[in-house]
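Go by the hints and put chain X onto chain S.
Sequence order for the protein chains is S and X. The first sequence begins at 9 in this note's numbering and counts up one residue at a time. The second sequence begins at 9 in this note's numbering and counts up one residue at a time.
Some hints here could point you the wrong way.
Pairs of lysine-lysine residues, derived as DSS-like cross-links and limited to a Cα-Cα distance of at most 25 Å, are as follows [what the hints assert, rightly or not]:
no., chain 1, residue 1, chain 2, residue 2
1, S, LYS221, X, LYS88
2, S, LYS334, X, LYS369
3, S, LYS243, S, LYS69
4, X, LYS242, S, LYS206
5, S, LYS242, X, LYS333
6, S, LYS376, S, LYS334
7, X, LYS88, X, LYS363
8, S, LYS308, S, LYS334
9, X, LYS242, S, LYS333
10, S, LYS242, X, LYS334
11, X, LYS310, X, LYS369
12, S, LYS221, X, LYS206
Reference listing, derived: stretches of chain X covered by chain S, where coverage requires no fewer than 3 residues with Cβ under 8 Å from a Cβ of chain S [stated by the list, open to error]:
no., segment
13, 14-26
14, 181-188
15, 198-212
16, 236-243
17, 298-309
No lab work stands behind these hints: they were computed from the structure. Built from N, CA and C at the ideal position, the CB exists for glycine as well.
2 protein chains.
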Amino acid sequence: MQTHTKIFTNPLYLTSGRILEPYQIIYETYGTLNDDKSNAILITHALTGSHHCAGRYEHEKKVGWWDNMVGDHKPIDTTKYFVICANVIGSCYGSTSPISPIYGSFGDNGYYRFKFPVITIQDMVKAIRILLNSLEISCLYAVIGGSMGGMQALSFAILYPKSARAFIPIAMSYSSNPQVIMINKVMREIVMLDSDFKGGNYAINSGELPAFKGLQIARMLGFSQYISLATMQKKFARNYVGTDGAFDLLGRFEIERYLDYNGANFTKYFDPLCYLYLIRALSMYDATLGFDNLENALKKIKSPLHLIGFSGDNMFPINEMLEIKKCMDMLNIPCTFYEVQSDYGHDSFLVEVEKYGEYVKDLIDNIK
Amino acid sequence: MQTHTKIFTNPLYLTSGRILEPYQIIYETYGTLNDDKSNAILITHALTGSHHCAGRYEHEKKVGWWDNMVGDHKPIDTTKYFVICANVIGSCYGSTSPISPIYGSFGDNGYYRFKFPVITIQDMVKAIRILLNSLEISCLYAVIGGSMGGMQALSFAILYPKSARAFIPIAMSYSSNPQVIMINKVMREIVMLDSDFKGGNYAINSGELPAFKGLQIARMLGFSQYISLATMQKKFARNYVGTDGAFDLLGRFEIERYLDYNGANFTKYFDPLCYLYLIRALSMYDATLGFDNLENALKKIKSPLHLIGFSGDNMFPINEMLEIKKCMDMLNIPCTFYEVQSDYGHDSFLVEVEKYGEYVKDLIDNIK
Numbered sequence: 009m010q011t012h013t014k015i016f017t018n019p020l021y022l023t024s025g026r027i028l029e030p031y032q033i034i035y036e037t038y039g040t041l042n043d044d045k046s047n048a049i050l051i052t053h054a055l056t057g058s059h060h061c062a063g064r065y066e067h068e069k070k071v072g073w074w075d076n077m078v079g080d081h082k083p084i085d086t087t088k089y090f091v092i093c094a095n096v097i098g099s100c101y102g103s104t105s106p107i108s109p110i111y112g113s114f115g116d117n118g119y120y121r122f123k124f125p126v127i128t129i130q131d132m133v134k135a136i137r138i139l140l141n142s143l144e145i146s147c148l149y150a151v152i153g154g155s156m157g158g159m160q161a162l163s164f165a166i167l168y169p170k171s172a173r174a175f176i177p178i179a180m181s182y183s184s185n186p187q188v189i190m191i192n193k194v195m196r197e198i199v200m201l202d203s204d205f206k207g208g209n210y211a212i213n214s215g216e217l218p219a220f221k222g223l224q225i226a227r228m229l230g231f232s233q234y235i236s237l238a239t240m241q242k243k244f245a246r247n248y249v250g251t252d253g254a255f256d257l258l259g260r261f262e263i264e265r266y267l268d269y270n271g272a273n274f275t276k277y278f279d280p281l282c283y284l285y286l287i288r289a290l291s292m293y294d295a296t297l298g299f300d301n302l303e304n305a306l307k308k309i310k311s312p313l314h315l316i317g318f319s320g321d322n323m324f325p326i327n328e329m330l331e332i333k334k335c336m337d338m339l340n341i342p343c344t345f346y347e348v349q350s351d352y353g354h355d356s357f358l359v360e361v362e363k364y365g366e367y368v369k370d371l372i373d374n375i376k
Numbered sequence: 009m010q011t012h013t014k015i016f017t018n019p020l021y022l023t024s025g026r027i028l029e030p031y032q033i034i035y036e037t038y039g040t041l042n043d044d045k046s047n048a049i050l051i052t053h054a055l056t057g058s059h060h061c062a063g064r065y066e067h068e069k070k071v072g073w074w075d076n077m078v079g080d081h082k083p084i085d086t087t088k089y090f091v092i093c094a095n096v097i098g099s100c101y102g103s104t105s106p107i108s109p110i111y112g113s114f115g116d117n118g119y120y121r122f123k124f125p126v127i128t129i130q131d132m133v134k135a136i137r138i139l140l141n142s143l144e145i146s147c148l149y150a151v152i153g154g155s156m157g158g159m160q161a162l163s164f165a166i167l168y169p170k171s172a173r174a175f176i177p178i179a180m181s182y183s184s185n186p187q188v189i190m191i192n193k194v195m196r197e198i199v200m201l202d203s204d205f206k207g208g209n210y211a212i213n214s215g216e217l218p219a220f221k222g223l224q225i226a227r228m229l230g231f232s233q234y235i236s237l238a239t240m241q242k243k244f245a246r247n248y249v250g251t252d253g254a255f256d257l258l259g260r261f262e263i264e265r266y267l268d269y270n271g272a273n274f275t276k277y278f279d280p281l282c283y284l285y286l287i288r289a290l291s292m293y294d295a296t297l298g299f300d301n302l303e304n305a306l307k308k309i310k311s312p313l314h315l316i317g318f319s320g321d322n323m324f325p326i327n328e329m330l331e332i333k334k335c336m337d338m339l340n341i342p343c344t345f346y347e348v349q350s351d352y353g354h355d356s357f358l359v360e361v362e363k364y365g366e367y368v369k370d371l372i373d374n375i376k
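Pulled out of the complex, with its shape left as it was, chain S reads as follows (with noise of 0.2 Å):
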C-alpha cells in the first residue's frame, strides 16, 4: 500500500468550459504492477470515500472503506493485481477541491470555496485518466466501483471504451433521478442555513476539518438514504435511549441516537464545501451528457460491462440499472446483469461484501 500524490500542470478542460490549472490527484496503490502493465484494476470510489480503499495505516483505528473486497487473495486480489484507487477532483482526501489554495494567491482569500468550479462525474474519470497516462497504463484490466464510484465506471466505459478490458459499475444507475435530486438539495440547504458556514467564508485549516453542525445533519439525512426500512426495523426498531426522557421534547429513540453519533463522526473527515461540490456531481450526474440519448452513449463502449445491483437499494432503483443492460442488449455489446438479492439497502455494495464478493472475483479472474 502507497500513497501519492501527482500534481498536473496542464490545464484540465472541465465539462463546464471552465479550466483547473494547476490540479493535484492524490491515489494509492497496492500490488504491484507487471512489466506489460496489463494487471491494473481501477477502484472507484463513491460520495464520501476517498483513495484509501483497503488497508490500515499505523495511525488509523479504522481499515479503508473496501478492506473486505480488496487485498491479498480478497476478491480483488493484490497478489495478482495492482490496484488504483484515486481520489476524485472535488473531495477533500487530498485531489484539488474547493478547500485547495488557488496557484498563486496568498492567504486566506486564496482558497477556491466558491470560486471552484462545478465539476461533473465526466470531469472526475477524465481527470483519473490522465492520471492513468502519466503512469503509462494505457489499458487498465477492469473499472469496478459502486454508487457514484460505478456512476464513474460507466463513464469510464463511454468516454474511453478502449481504456479496459472490462467495466464493474455496482449499485448505481445512469442518471441520478429526481428523488436523489431532491435530497441533494435538502442537503445543501442545510449545509447553507448553518451560520458556521458564513456562506463558505469558514476558516480553512489543513491540520483539521470545522466539524459544523450543519453538515453533520446532512448526513443524518444522507444516512436515510443508504439503509431500506428492513435494515433500520433490524437495528433499530422503535426502541428509545434508556437514558432519555420519553417525553422530554429532545429525547431520543435509538435511531436518533445513531444519526447524532454518525453526523457527527462524519464531520471529522469530511468538509462541508466539498460535500457541496459531489453531490451536486451527483445531481447532474447524466451518462448521456453530450449524447443524444443513452443508446447513443452506450453504443460508445467496447469492453464487456458488468452490472452489479441491489434487489433492496432504494437509492437506485435496479430497474434503472436494468435500463442500462436492455439498452446493452438491444445493441449487441457484451453485458451481464447481477442481482443480489439483499433488503439492507444502498449502503449493501459497502457492507455485504460476503454475498457479491465471489462473483466479482469469478468476474475479475475470467476477464479475456
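Just chain X now, kept in the frame of chain S:
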C-alpha cells in the same frame, strides 16, 4: 361553515403526566346537527392540516384541505351529515399550542415555547373527545381522517370504543416506523439549526408567522416523503430551470425550484415550535401505548373499523395497515381493508380523492 373556539378550564391530563390548564380548541362545523345528535362525523386532520377542511372564507384564495371530499353532495355529504373538524392541541391554527400564552403570565416570557408539554396522538384525541362531550355528542356517526388524522381515528376507536358507529383510518399505521422517526429527527435538527429560531425564543406575533428558512428546509424534506419517485419522475423528471446556469453550483432543477416554492409557502402558515411538537407526536405514535401489544389494544374496539390504504404510500407502507386488518380478523371484530391502486405516494389521500371518494361515500351511507 362555522368556526368556533371553545375554552376548557378543567385540566387536560396528558400521557406525559403533565397537565394543560386551561386550554382551548378551535373547530369548524358544516351542515346541521339533527335532533338526536346522531349524524355527526368527526374529521381528524393530518400533521400540517387544520380545522378548516372544506369551503372557502371570503378572504381566502384556497379552499379547505379536503374540500373535494367534504361538502354538499360530496362523498362526505354536508346536506346529510353534521361535520366537525377540530384543530389538534399543539397545532398553530388556534388550539392551545407552544405559541399560546401561559395563563396568568404577561409579556413575551408568558408563551409556552419549549415549556409546552409533549403531546401524544392519544392526547389530541382526548381533547377532541372532551370537546364532543361539551357539545353533547355522545356517539358520532363516524370518525375519518388520513395520515396523522388516521392515527387519531384508530386511537379514537381504541380509547373511546363507543364514541362512534364506525372508524375510518386512511393512509396510516399503528405506530410510526423508524424511517418516519429518522426523517422527523432530521427535520427537528434543521429547524433548530436556524439561528433565527433562537432556540425557540423568537418573537411571537399573533398577526403573522416568522417564516424561518429552517422550517422551509424541513418542509422540503417532509415533502420528499409525501410523493413517490414515480410522481417526481412524472412531474419534474430531470428538467432544469431554463434561466438557471447549468454549471452554477446553486443552479436549479425544476424539482429544486418547486421545493424552494413549496417550502417558502409553508412557512407563511405554519409555526416552527408547533412543527417540532407535532412531528414529535408523530414519531412517538404507538396505538399500543398503555397496552401489552397490538392485539390487546385492538380488542377494545367495538364498532367496525374501515381501513383505506394506498399501494404507493412509501411513508406508511400498506403492509403496516394490513397488520391491523390481520389482527382485527383474528379478534373477530368487523374490519375492512380497501387498497387504492396508486403510485402517487403518501399524499394520495389528499390529492386523489377521485380514486376513493365514491368508496368513502358508500361506506358512510351504509353505516349501521
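Structure-based check of each hint:
Among the hinted pairs, LYS221 of chain S with LYS88 of chain X is inconsistent with the structure: their alpha-carbon atoms are about 54 Å apart, more than 25 Å. In summary, the hint linking LYS334 of chain S to LYS369 of chain X is not supported, as the alpha carbons are separated by about 45 Å, beyond the 25 Å threshold. With a C-alpha separation of about 24 Å, the suggested pair LYS243 of chain S and LYS69 of chain S falls inside the 25 Å cut-off, and the hint holds. For the given pair, LYS242 of chain X sits about 37 Å from LYS206 of chain S by alpha-carbon distance, which is inconsistent with the 25 Å threshold.
A threshold of 25 Å between alpha carbons decides the hint, and for LYS242 of chain S with LYS333 of chain X the separation of about 23 Å falls inside it, so the pair holds. A distance of roughly 23 Å separates the Cα atoms of LYS376 of chain S and LYS334 of chain S; the hinted pair therefore holds under the 25 Å criterion. Using a Cα cut-off of 25 Å, the hinted pair LYS88 of chain X and LYS363 of chain X holds, with the two alpha carbons roughly 22 Å apart. A threshold of 25 Å between alpha carbons decides the hint, and for LYS308 of chain S with LYS334 of chain S the separation of about 15 Å falls inside it, so the pair holds.
About 23 Å separates the Cα atoms of LYS242 of chain X and LYS333 of chain S, which keeps this hinted pair within 25 Å; it holds. Distance check on the hinted pair: LYS242 of chain S and LYS334 of chain X sit about 22 Å apart at the alpha-carbon level, within 25 Å; holds. With a C-alpha separation of about 22 Å, the suggested pair LYS310 of chain X and LYS369 of chain X falls inside the 25 Å cut-off, and the hint holds. Simply put, LYS221 of chain S and LYS206 of chain X have alpha-carbon atoms about 15 Å apart, close enough for the 25 Å limit, and the pair holds.
Coverage of the segment 14-26 of chain X by chain S holds [criterion: at least 3 residues with CB-CB distance below 8 Å; count 4]. Counting residues of the segment 181-188 of chain X whose beta-carbon sits less than 8 Å from any beta-carbon of chain S gives 5, enough to reach three: the coverage restraint holds. Residue count for the segment 198-212 of chain X with a Cβ under 8 Å from a Cβ of chain S: 4. That meets the three needed, and the coverage hint holds. For the segment 236-243 of chain X, the stated coverage by chain S holds: 3 residues have a C-beta nearer than 8 Å to a C-beta of that chain, and at least 3 were required.
Here's how the segment 298-309 of chain X fares: 0 of its residues keep a CB closer than 8 Å to some CB of chain S, so the rule of at least three is not met and the hint is violated.
In this structure, the hints that do not hold are numbers 1, 2, 4 and 17, in rising order.
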